[in-house]
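Trainee: These protein sequences, in sequence, are chains A and B. Residue 1 is where the first sequence starts when you use the working numbering, and the numbers rise one by one after that. Residue 1 is where the second sequence starts when you use the working numbering, and the numbers rise one by one after that.
There may be inaccurate statements among the hints.
Selected chain B positions facing chain A (in silico; Cβ < 8 Å) [unchecked claim]:
(1) 40
(2) 42
(3) 53
(4) 56
(5) 74
(6) 96
(7) 104
(8) 106
(9) 108
Just the calculated beta-carbon pair ranges, DEER-fashion [to be verified]:
(10) 16/A <-> 80/B: 43 to 53 Å
(11) 15/B <-> 41/A: 41 to 51 Å
(12) 115/B <-> 52/A: 45 to 55 Å
(13) 2/B <-> 39/A: 31 to 41 Å
In short, the hints are calculated from the structure, not lab data. All figures in this text were calculated on a predicted structure; none of them were measured in a lab. For each residue, glycine too, the CB sits at the ideal point set by N, CA and C.
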Amino acid sequence: DAKTTQPNSMESNEEEPVHLPCNHSTISGTDYIHWYRQLPSQGPEYVIHGLTSNVNNRMASLAIAEDRKSSTLILHRATLRDAAVYYCILRTSYDKVIFGPGTSLSVIP
Amino acid sequence: EAGVTQFPSHSVIEKGQTVTLRCDPISGHDNLYWYRRVMGKEIKFLLHFVKESKQDESGMPNNRFLAERTGGTYSTLKVQPAELEDSGVYFCASSQSRAGQETQYFGPGTRLLVL
């Protein structure tokens, strides 16, 4: 079973910031928090990952709660191309990736 | 750098036939993974190779599925004989290491339809 919980769906207006939440209350000290997304008819695509500190890259930002039991993926300006299913995943070394249902993000023009 | 490639992109076969899916990982990636999504369900792990060795095949549904990675380069996933419930999208992914911070790079998937 997936070790994370996410809302089933979210909507955002184009050009607006989007905050995608993820709860992982059973996270262990060695779990990394990864985010992937899957655009229609494509394979999952890496977005960002972190361990304890907030992370930024060209695609998004990852805000990790101090107790690490939750995190938020931030898309600073949603575009139509960001419409996808976003997966929050915990990974430990040697662990297989377990996908949950993810959050289906719709972007409204 | 070429990404993970999968062949074919689509396959339509009849129940009882055999189908072989191929995955070419990113060059130099020792770790290769197979996943699949059946209709309406979540993406599920099938198995994991480290070079040519099967590290974890706990997700393989039954003995009709056979995965190989001879020489530690590309991998094949054979379904024989195919059943209706095998329909879905089969994804392959690769990574350099198994570390928790390592990114897995996914291929576009093979869409299999068993009639």
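Trainee: Give a verdict on every hint.
Mentor: Verification of the supplied hints:
no.	hint	verdict
1	40	10 Å, violated
2	42	5 Å, holds
3	53	14 Å, violated
4	56	6 Å, holds
5	74	16 Å, violated
6	96	13 Å, violated
7	104	6 Å, holds
8	106	4 Å, holds
9	108	5 Å, holds
10	16/A <-> 80/B: 43 to 53 Å	50 Å, holds
11	15/B <-> 41/A: 41 to 51 Å	25 Å, violated
12	115/B <-> 52/A: 45 to 55 Å	50 Å, holds
13	2/B <-> 39/A: 31 to 41 Å	19 Å, violated
Violated hints for the displayed structure, listed by number in ascending order: 1, 3, 5, 6, 11 and 13.
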